[in-house]
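Given these sequences and hints, build the entire structure.
Protein chains: 2
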Amino acid sequence: MMTRPLTVAAAQLGPSSPSKAQAVERMVALMEEAGERGVEFLSFPELSLTPYFATKVHESWDEFFEETLPSPVTLPLFQAARRTRIHFVLPYAERENGGYYNSAASIAPDGTLLGKYRKTHIPGWVEPRWEGLNILEKRYFSGGNLGFPVAALPKVQMGTLICYDRRFSEGYRALALGGAELICVPYNTPSFGQPRETGQETSEVLLRAAAIENQLFIIAVGKAGVEDGAEYIGGSEIISPTGKVLAKAQTEGDELVTATIDLAEITALKNKWDLLADRRPEIYHQLIQ
Amino acid sequence: MMTRPLTVAAAQLGPSSPSKAQAVERMVALMEEAGERGVEFLSFPELSLTPYFATKVHESWDEFFEETLPSPVTLPLFQAARRTRIHFVLPYAERENGGYYNSAASIAPDGTLLGKYRKTHIPGWVEPRWEGLNILEKRYFSGGNLGFPVAALPKVQMGTLICYDRRFSEGYRALALGGAELICVPYNTPSFGQPRETGQETSEVLLRAAAIENQLFIIAVGKAGVEDGAEYIGGSEIISPTGKVLAKAQTEGDELVTATIDLAEITALKNKWDLLADRRPEIYHQLIQ
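Protein chains in written order, with numbering that gives the first Met the number 0: chain A, 0 to 288; chain B, 0 to 288.
These are computed hints drawn from the structure, not numbers from a lab.
Quick caveat, the model's predicted, so the values are computed rather than measured.
Hints are not guaranteed to be accurate.
If several chains are the same, the list does not tell them apart, and a pair holds so long as it fits within one copy or across any two.
Said to hold, decoys possible - Here are the simulated DSSO-like pairs of lysine-lysine, each with C-alpha atoms no more than 30 Å apart in a straight line: (1) Lys269 to Lys137; (2) Lys271 to Lys55; (3) Lys19 to Lys247; (4) Lys269 to Lys55; (5) Lys271 to Lys137.
As structure tokens, this is what we get:
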């Protein structure tokens with residue numbers, strides 16, 4: 000049987016840097032390391048250029064958002080991709096025509112934008128509910144309006160879901176129906192006072208189930224460490240279509256988690272047992288009501 | 000905060016008995032034990048009255064099916080429910096008006112039928128694919144045509160998914176949208192030559208993810224042990240809305256797995272974070288195409 004190897008990486012990031020330029024510098028360092036390790040495809044975490052600013056009320060927030068890609072501050076990432084020949088997913092805060100989105104762009108080594116996704120499920124509230132850490136994404140972001148696009152990369156069909164999206168099976172399913180073989184799940188997940196392993200466990204169960212159910216690979220990539228007084232769960236990992244964790248972050252900081260996956264495993268699985276073929280969409284009408 | 004305790008059981012069964020009457024005798028023994036242990040609600044495994052006959056070709060198969068409930072052979076179950084005051088889920092092969100279904104009935108202690116579910120997703124093939132164990136449910140069963148009904152029991156809103164259904168997130172979701180607080184998942188899952196723990200692990204990941212995503216309890220109840228040369232995974236378990244395994248079978252035979260769950264936990268979770276409220280059904284149209 001022909002193999003379809005692809006070396007992929009989850010480029011976990013520790014707490015944010017004081018400036019976007021400094022964040023980009025760390026991201027470029029991870030891309031350089033990835034290039035040395037033969038990585039062909041890489042994803043950064045949710046809102047990779049900034050702190051997870053949605054935890055509190057800000058006087059102004061335009062500074063967190065990009066209007067164009069590459070922007071002057073993100074240009075070094077595009078240059079690094081060209082040097083290392085890596086396809087990469089860049090999650091960022093996007094402002095377009097007065098709309099504010101929690102987005103992720105899929106970018107080819109030559110800088111071509113191959114796909115863009117806007118986070119569908121927006122967690123939390125508009126106003127703070129309590130002292131300390133809040134989740135105020137509804138204050139800063141509109142719900143995504145691009146559906147669940149699948150990007151055709153030269154070696155793989157891939158889609159993206161962002162953080163809270165991973166709690167909604169509908170997104171994975173739409174991507175699988177669209178032909179995705181690989182889903183990137185960038186996230187910024189605070190541990191909310193629990194041990195970070197507890198948050199990792201919940202995230203992992205959801206991701207493994209989605210991989211099994213949809214017979215595809217998942218790259219989950221998070222923020223780790225303590226940022227602005229809140230701990231993030233980290234635990235970035237790469238998961239196989241049978242739900243096996245192939246590689247997982249060992250640190251609470253910047254870390255490249257890599258694996259060489261074989262996309263032919265999906266074909267072999269489906270030849271044996273094609274789960275999507277046994278769906279009954281004619282009786283799923285409740286799901287869209 | 001008011002509690003809503005409910006003592007529930009997964010009544011795991013070992014390999015089938017030579018006759019339905021003998022199977023019923025074992026099931027009645029489990030109901031009697033359940034009554035002594037204060038159980039109020041109980042589920043048996045998939046096709047609880049018979050072997051898992053869909054693993055091969057049979058000359059005739061009407062003998063495996065019931066046309067009415069209670070049938071003479073199942074009457075002792077109804078009598079035991081009345082004695083023990085237990086609500087129970089009885090999975091069985093159902094024949095009705097020439098239709099053949101893999102079904103489960105929800106029955107009140109007084110014998111009232113409170114709900115009936117017919118397995119939606121039918122695994123396998125019509126003709127054998129290889130020597131030995133095959134999955135030929137498509138030979139024997141039509142796909143369920145009753146949707147995903149939620150039964151209103153006095154103490155809980157409950158639904159059922161059967162075996163292969165647990166690999167399709169759509170079913171859990173439809174039940175959650177219908178108000179289910181508890182889902183029973185009866186199954187007959189062969190280990191297919193792998194260690195039974197491997198099959199249990201896959202099943203458990205899917206069930207835990209579904210419980211977390213839909214914020215409800217799950218009772219998973221399987222066949223265990225070796226039947227007709229094939230090992231079944233067993234591992235019956237009760238899972239909380241945060242994905243915690245509250246109780247799990249310890250044996251490969253008939254075994255009552257019980258837990259007292261608090262349905263108010265669901266309300267507390269949803270007051271803190273209501274996942275269903277953040278769905279975006281207006282962009283899920285791919286799921287029904």
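We went through each hint and held it up to the structure:
1. Lys269 to Lys137: Classified as between; 18 Å across copies, 39 Å inside a copy.
2. Lys271 to Lys55: The answer is between: 18 Å across copies meets 30 Å, while 49 Å in one copy does not.
3. Lys19 to Lys247: Close inside one copy (26 Å), not across copies (49 Å); limit 30 Å.
4. Lys269 to Lys55: between (45 Å within a copy, 22 Å between copies)
5. Lys271 to Lys137: between (43 Å within a copy, 16 Å between copies)
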